[in-house]
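Generate coordinates for the entire structure from the input sequences, incorporating the hints supplied.
Sequence order for the protein chains is A and B. Going by the working numbering, the residue at position 84 of the first sequence is 85; the numbering climbs one at a time, nothing skipped. Going by the working numbering, the residue at position 31 of the second sequence is 32; the numbering climbs one at a time, nothing skipped.
Incorrect hints may appear among the rest.
[To be verified] DSBU-like cross-link-like pairs, simulated, lysine-lysine; straight-line CA separation at most 30 Å:
1) B/K44 to B/K59
2) B/K68 to A/K71
3) B/K44 to B/K83
4) B/K68 to B/K83
5) A/K71 to B/K59
6) A/K194 to B/K68
7) B/K44 to A/K71
8) A/K75 to A/K194
9) A/K71 to B/K14
10) B/K68 to A/K75
11) B/K14 to B/K44
12) B/K14 to B/K68
13) B/K59 to B/K14
14) A/K194 to B/K14
15) A/K194 to A/K138
To be clear, the hints were calculated from the coordinates, so they are not data collected in a lab.
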Amino acid sequence: MRIGVVTFPGSNCDYDAYAAFRHVLGCPVEFLWHADSDLHSVDCVILPGGFSFGDYLRAGAIARFSPVMKSVVKFAADGGLVWGICNGFQVLTEAGLLPGVLRRNSTLRFACQQVRLRVDNVRTPFTRGCHPGQILKMPIAHGEGNYYADPEVIAGLERSGQIVFRYVNAQGEPDLRSNPNGSCHNIAGIINKEGNVLGMMPHPERAVESILGSADGLALFNSLIGAGVPAVGTDTTVASPLIERRARV
Amino acid sequence: MVMMTGTVIVRLKEGVLDPQGQTIRRALEHMGFQGIENIRAGKTFEIHLDAPNVEAAKTRLTEMSQKLLANPVIETFHVEVKS
Chain A
2 MRIGVVTFPG SNCDYDAYAA FRHVLGCPVE FLWHADSDLH SVDCVILPGG
52 FSFGDYLRAG AIARFSPVMK SVVKFAADGG LVWGICNGFQ VLTEAGLLPG
102 VLRRNSTLRF ACQQVRLRVD NVRTPFTRGC HPGQILKMPI AHGEGNYYAD
152 PEVIAGLERS GQIVFRYVNA QGEPDLRSNP NGSCHNIAGI INKEGNVLGM
202 MPHPERAVES ILGSADGLAL FNSLIGAGVP AVGTDTTVAS PLIERRARV
Chain B
2 MVMMTGTVIV RLKEGVLDPQ GQTIRRALEH MGFQGIENIR AGKTFEIHLD
52 APNVEAAKTR LTEMSQKLLA NPVIETFHVE VKS
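See below:
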């Protein structure tokens, strides 16, 4: 499987996603530029975290009109895998690839903390290696992650099992205290009806090595690339000095 | 073509919670402003554009609002034009 990570002006988790695939998993990955409509025949497009176009107007609202997004919309319609993380989730809702909207956190504060996610749907390409109800620890870092949709839309998501991740407490219950941003039904991530476009606010790419505080994000990466264990002795070809530094750490 | 000034006001739909408005209200009350029943925060866009007439300008601003300035999931918009 070949992965493409989109870089928008203001993306800041593109290198984290790239490093997770290349250096932790040894999976072929390349960057895709926002102004370039060519997806380079990748099998999965990652829309990374960050603040594309400065979050001007609404988070993700400008990025959705980038040339690359026209191709991503078509790619998704043809069944291609698309994974939006944090700002990428916001871009997916603005682009209409996922229902609803990510509003300002109900606390009005930027939320930067470790959370627990419960995996509520394991019949997706992104979670098929998880067991139902599995709890994953990973960080969130967002000011606008408060998932909102009309009650009928939420009911539809519930009925069709499109809610893939929920914020939960240590017992695995989605209660008020474990909800960091006011999201309806503690929603942390949803998938489209067709099951090929996933959006989530938490950052699995920042939870791929125990030194980062959690390696639980690997459960999703391994589901996606169909691997059982992280690869060792990965390709050391270096794309940039930044990557080289991270690889040595 | 005439230079027009359009104003687009984007508001949260009724029934959508507005924590920002609630916080602004609390701050105003702490400052001693009394009798505030409710505050809803929104956005205003002032747009200068060339158009043959007011109606044409309104049509274009409405299209802009539908496509970009407002998110129909949570927001409504109102367009005004002065020539």
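We went through each hint and held it up to the structure:
no.	hint	result
1	B/K44 to B/K59	holds, 18 Å
2	B/K68 to A/K71	holds, 15 Å
3	B/K44 to B/K83	holds, 19 Å
4	B/K68 to B/K83	holds, 22 Å
5	A/K71 to B/K59	holds, 27 Å
6	A/K194 to B/K68	holds, 24 Å
7	B/K44 to A/K71	holds, 27 Å
8	A/K75 to A/K194	holds, 16 Å
9	A/K71 to B/K14	holds, 29 Å
10	B/K68 to A/K75	holds, 19 Å
11	B/K14 to B/K44	holds, 13 Å
12	B/K14 to B/K68	holds, 17 Å
13	B/K59 to B/K14	holds, 21 Å
14	A/K194 to B/K14	holds, 26 Å
15	A/K194 to A/K138	holds, 26 Å
Consistency with the previously given hints is maintained throughout, with no hint failing.
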